[in-house]
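Asker: Sequence:
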Amino acid sequence: MEPDPYLVAEKLLKNRSGKRDTAAPFNMWMTSWINLNLHDWVFHDSVDQDPYTLQWGPKTSNTFELRRTALDSEGFTGNTQTPWWDASQIYGTDEKAAKALRVKGMCEMQLDKNGNMPLGPDGIAQGGFIVNWWSGVEILHNMFVKEHNAVCAVLRDSHSEMDEEQLHQTARLVIAGVLAKIHT
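Once you know that position 177 of the sequence shown is 177 in the working numbering, the rest is easy, because the numbers rise by one and skip nothing.
Warning: the hint list may mix true and false statements.
Each pair of labels, with its calculated beta carbon distance range [stated by the list, open to error]:
{"no.": "1", "residue 1": "M143", "residue 2": "W84", "range": "18 to 26 Å"}
{"no.": "2", "residue 1": "T170", "residue 2": "E2", "range": "49 to 57 Å"}
{"no.": "3", "residue 1": "D122", "residue 2": "N62", "range": "18 to 26 Å"}
{"no.": "4", "residue 1": "E2", "residue 2": "G115", "range": "41 to 49 Å"}
{"no.": "5", "residue 1": "G115", "residue 2": "P51", "range": "34 to 42 Å"}
{"no.": "6", "residue 1": "G123", "residue 2": "D72", "range": "30 to 38 Å"}
List time: in silico DSS-like cross-link candidates among lysine-lysine, alpha-carbon distance up to 30 Å [what the hints assert, rightly or not]:
{"no.": "7", "residue 1": "K99", "residue 2": "K146"}
{"no.": "8", "residue 1": "K99", "residue 2": "K181"}
{"no.": "9", "residue 1": "K104", "residue 2": "K146"}
{"no.": "10", "residue 1": "K181", "residue 2": "K96"}
{"no.": "11", "residue 1": "K146", "residue 2": "K113"}
{"no.": "12", "residue 1": "K19", "residue 2": "K59"}
{"no.": "13", "residue 1": "K14", "residue 2": "K59"}
{"no.": "14", "residue 1": "K96", "residue 2": "K113"}
{"no.": "15", "residue 1": "K59", "residue 2": "K113"}
{"no.": "16", "residue 1": "K59", "residue 2": "K11"}
{"no.": "17", "residue 1": "K96", "residue 2": "K146"}
{"no.": "18", "residue 1": "K113", "residue 2": "K99"}
Keep in mind that the hints were calculated from the coordinates and are not lab data.
All values reported here derive from a predicted model rather than from experimental measurement.
Cβ atoms here follow ideal geometry from the backbone N, Cα and C, with glycine treated the same way.
Hey, can you work out the whole structure from these sequences and the hints?
Answerer: Below, the structure written as structure tokens:
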């Protein structure tokens with residue numbers, strides 16, 4: 001790939017001053033936040049054929065493969081996510097995914113015995129969107145799933161006329177609104 005992404009990043013991002021980067025923790029949270037939100041808005045399918053093979057750096061022979069983006073019959077990329085702020089990265093993009101993440105018949109989202117999102121057989125937390133999963137995204141996913149459950153509890157206490165589905169959908173709207181408000 002030209003130019004080499006590693007060399008571009010090295011040239012633009014390397015700390016040459018020798019001073020400690022005091023913004024590093026903030027930068028990691030911002031990376032997590034942006035990654036979380038992009039998972040809500042856009043994702044393109046990829047193809048296994050003819051991947052890019054990239055070197056980890058100029059001083060290593062280690063490489064990794066980056067799959068190419070799938071194109072439709074007209075040469076465009078399709079979006080597999082819902083392109084609006086609906087918190088689908090937490091709840092899934094369809095009813096089947098959303099139901100699989102909920103406590104059956106209840107407003108709440110599933111949590112394991114430790115109070116975290118349950119893990120799948122691959123060790124990845126089960127969420128609405130788990131591609132490109134890493135610890136920063138997992139922390140935010142867990143936080144918003146727990147917040148969803150807290151909103152359910154408040155709504156249940158104050159709106160006894162609402163059934164579990166209404167409670168769940170209202171909590172989802174609240175969480176989607178919180179995500180949008182934080183971001184903007």
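Asker: Now tell me, hint by hint, if it's right for this structure.
Answerer: Quick rundown of the hints versus the structure:
no.	hint	verdict
1	M143 <-> W84: 18 to 26 Å	holds, 21 Å
2	T170 <-> E2: 49 to 57 Å	holds, 51 Å
3	D122 <-> N62: 18 to 26 Å	holds, 23 Å
4	E2 <-> G115: 41 to 49 Å	holds, 48 Å
5	G115 <-> P51: 34 to 42 Å	holds, 39 Å
6	G123 <-> D72: 30 to 38 Å	holds, 33 Å
7	K99 <-> K146	holds, 17 Å
8	K99 <-> K181	holds, 26 Å
9	K104 <-> K146	holds, 16 Å
10	K181 <-> K96	holds, 27 Å
11	K146 <-> K113	holds, 13 Å
12	K19 <-> K59	holds, 24 Å
13	K14 <-> K59	holds, 16 Å
14	K96 <-> K113	holds, 24 Å
15	K59 <-> K113	violated, 45 Å
16	K59 <-> K11	holds, 15 Å
17	K96 <-> K146	holds, 21 Å
18	K113 <-> K99	holds, 19 Å
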